[in-house]
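Visitor: For chain A, the structure is supplied; the task is to place chain B on it using the hints.
These protein sequence lines are chains A and B, in that order.
Residue 35 in the numbering used here sits at position 35 of the first sequence; the count goes up by one each step and never skips.
Residue 54 in the numbering used here sits at position 54 of the second sequence; the count goes up by one each step and never skips.
Be aware that a few hints might be false.
[As the list claims (entries may be wrong)] Derived lysine to aspartate or glutamate pairs resembling EDC-like cross-links, with alpha carbons at most 20 Å apart:
id: 1; chain 1: A; residue 1: Lys57; chain 2: B; residue 2: Asp2
id: 2; chain 1: A; residue 1: Lys57; chain 2: B; residue 2: Glu94
id: 3; chain 1: A; residue 1: Lys9; chain 2: B; residue 2: Glu42
id: 4; chain 1: B; residue 1: Lys60; chain 2: A; residue 2: Glu100
id: 5; chain 1: B; residue 1: Lys97; chain 2: A; residue 2: Asp38
id: 6; chain 1: B; residue 1: Lys97; chain 2: A; residue 2: Glu52
id: 7; chain 1: B; residue 1: Lys97; chain 2: A; residue 2: Glu59
id: 8; chain 1: B; residue 1: Lys97; chain 2: A; residue 2: Asp62
id: 9; chain 1: A; residue 1: Lys57; chain 2: B; residue 2: Asp95
id: 10; chain 1: B; residue 1: Lys52; chain 2: B; residue 2: Glu94
id: 11; chain 1: B; residue 1: Lys97; chain 2: A; residue 2: Glu100
id: 12; chain 1: B; residue 1: Lys97; chain 2: A; residue 2: Glu30
By construction, these hints were calculated from the structure, which means they are not laboratory data.
In this text the structure is predicted, and so the values were computed from the model without any measurement.
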Amino acid sequence: NAGVTQTPKFRVLKTGQSMTLLCAQDMNHEYMYWYRQDPGMGLRLIHYSVGEGTTAKGEVPDGYNVSRLKKQNFLLGLESAAPSQTSVYFCASTQPPPYEQYFGPGTRLTVT
Amino acid sequence: GDSVTQMEGPVTLSEEAFLTINCTYTATGYPSLFWYVQYPGEGLQLLLKATKADDKGSNKGFEATYRKETTSFHLEKGSVQVSDSAVYFCALSEDYKLSFGAGTTVTVRA
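Only chain A is shown next, with the shape it has when bound in the complex (with noise of 0.2 Å):
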């Protein structure tokens, strides 16, 4: 049971160049996140969907884009990216309630 898995795990990329991010869960959760992490700020989320073919914004969505076709697939697309994306993004899921989400081990995104 893998649980939560990110590839890839590591990501270098030059100003303007896109990439995408892969989440996949093993646990048939309908619900996906995924967040950034950045010093001294915690967690925000970014997008999060809450059922195949259903994506809805989270607090900072802007230069993102996801998709979710399959239940245990949801992907994190960065069209143009720029300095200001260089973060860890972190993917969770979960089923309701409590609603206690399980993260995967987390990308790390540098944009020069």
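Guide: What follows is chain B alone, placed relative to chain A:
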């Protein structure tokens, strides 16, 4: 909206010392409360949870009690070890979204 305020760090302790990390929350209803731990280079792991007032969550020697009257969920451990060095996050959930505190970095010295 819902929010969580937790004690700022960093906190540095000696082994076998007592640890307390304060956490207070603001919520419109009756949230579930969580403590997550993040070890260096890893993702967040659920440490303990409480889903209603007066519930006590416990795990790995850590405890926290859901206090509705003071809107608090303070984390405690009676005797810390070097392996407890990590970042600790308090969080609440009223529906399917979590609101996190900023995190408290704890370093335990041998």
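Visitor: I'd like to know which numbered hints this structure contradicts. Please list them from smallest to largest.
Guide: none
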